[in-house]
Amino acid sequence: MKGLIRTIVIVAVLILVGVGASFLINRSLAQTVAAEREHGYMEGRDRGYQQGWQDGHKAGYQEGGRAGYLEGSGGDNASDEAGFYFIYNPTYNELEEMLVESKADSAEEIHEYAEGNGIRVAYVRCQLAREAAEGLVYVLHLVAFETVDKGLVIIEPWSYRAVKVEVGQSYSEQNGFNAPGYDDTITKVTIVW
Amino acid sequence: MTGIGEFSVVLVDRSGYPVSRVRRGLVSDLIDFSMALARIVLGMVALIAGLAAINIVVYISAVGSTFDDEVAAIYNSSFERGYAQTYEAGYQEAHGLAYEEGYGRAYEVARGGSSGEITATRVELRNPTYNELKEFLAQDNTESKSFIKGEYVCFDFAAELNNNAEASGIRAAYVRIHAEQWGHAVVAFETVDRGLIFIEPQSDKEVELVRGQSYPWQVTGASRPSDYDDVIDDIEIMW
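Chains as they are written, first to last, in the working numbering: chain W, 2 to 194; chain H, 46 to 284.
Isolated chain W (complex conformation) (with noise of 0.2 Å):
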């Protein structure tokens, strides 16, 4: 008799045991299941909007800039062509209030702003003697503009200081900057357009 009692008892034990860790589980993958879904949703979301308005805004810019260029120069061929693009180099005054309006703080985004307002940046590279790891090198990120009325103008995407890239040149001395713990001689510097 206390062996059958036994035996149910365990039998019982272990459905109760299955049955909760069974349930524990299942709700708890649902939990991580539903999260996942409304965080995808989201994201999904505000990336779709942000990539809609840079698209779209650099879609109407041009289409805009086309009609603009047409309408302004009393008909001018060239904004006929198929691949017209309308860009321009602005003058220094017209730089910095885009840099003040861009908000941006780094090379990429005042790329991305300038290019979207359709003023020509350059993307520039400019390598530092500093030691780094095996197959590494530092280097800054900075943007150019071919100004109207300065020429070509190198500006530290988060200062928008103007700056000089002298090679062989302390980049910290050359621009008046409090020097770094390290060696921040300039390398090479290559400006991409």
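Note that these hints are calculated values from the structure, not bench results.
Yeah, the Cβ is synthetic: ideal placement off N, Cα and C, and Gly gets one too.
Heads up, a few of these hints could be off.
[As the list claims (entries may be wrong)] To be clear about the criterion: a stretch of chain W counts as covered by chain H if any three or more of its residues have a C-beta under 8 Å from a C-beta of chain H, and this derived list gives those stretches:
#1 25–37
#2 44–53
#3 88–94
[To be verified] One side only, chain H facing chain W, incomplete, derived with CB under 10 Å:
#4 115
#5 124
#6 134
#7 139
#8 171
#9 200
#10 207
#11 211
#12 257
#13 266
[Said to hold, decoys possible] Straight-line C-alpha distance at most 16 Å; calculated EDC-like pairs for lysine to aspartate or glutamate:
#14 W/189 x W/132
#15 W/151 x W/95
#16 H/194 x W/135
#17 W/151 x H/162
#18 H/179 x H/77
#19 H/179 x H/235
#20 W/104 x W/116
#21 H/250 x H/188
#22 W/3 x H/162
#23 W/189 x H/201
#24 W/189 x W/167
#25 W/189 x H/205
#26 W/3 x H/74
#27 W/189 x H/196
The hints should help you fit chain H onto chain W, whose structure is shown.
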């Protein structure tokens, strides 16, 4: 068996068969039967559980999927649903505003300033046709340069091809490709008739870039910078 002076009392039925022995025998058999039944039930529970576990293992190995993959798939499908719902709204909203901005700025630039005034000037760049792109690549010799580790690398090839194209009036983009332990650079062109085209500047060959897939080194003939994992994580296009 009783000895002299001893006695024993046994309850018997009318036929003389001992009653307690009959009852004890039935209960004992019932217990044995129940025990056997319970063991069978317990065995079946264990068997079903084992089969279920085997089925799960077989299913996972067959479809190559785990719970994490399923969750990732749910995230992706939800992301795409959300993306599609707002993309068009963002596009239309920005398009209308930007059209006015572009029109106004281009109009001013085209008209120029009054006498002596320095004003912004249009840069004459155009998106090429596919044939124009091919013609440009054929006359450009960036791909003939040598890859020199630490001196003239993928970045330099891309920068040179990009700048040569723009100097020829063709709009080009410098493209940075990011992987977990590795980076590469190519050039992009927005052709009028075939859309966005990526060019490997070390060979002038067209290349298809897909996030989550390896860069096709063998197809493009470019120098592979390392033996690291080269699955593309991100593609950054800078026009």
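Output the indices of the hints that this structure fails to meet, ascending. Structure breaks hints 12, 13, 18, 22.
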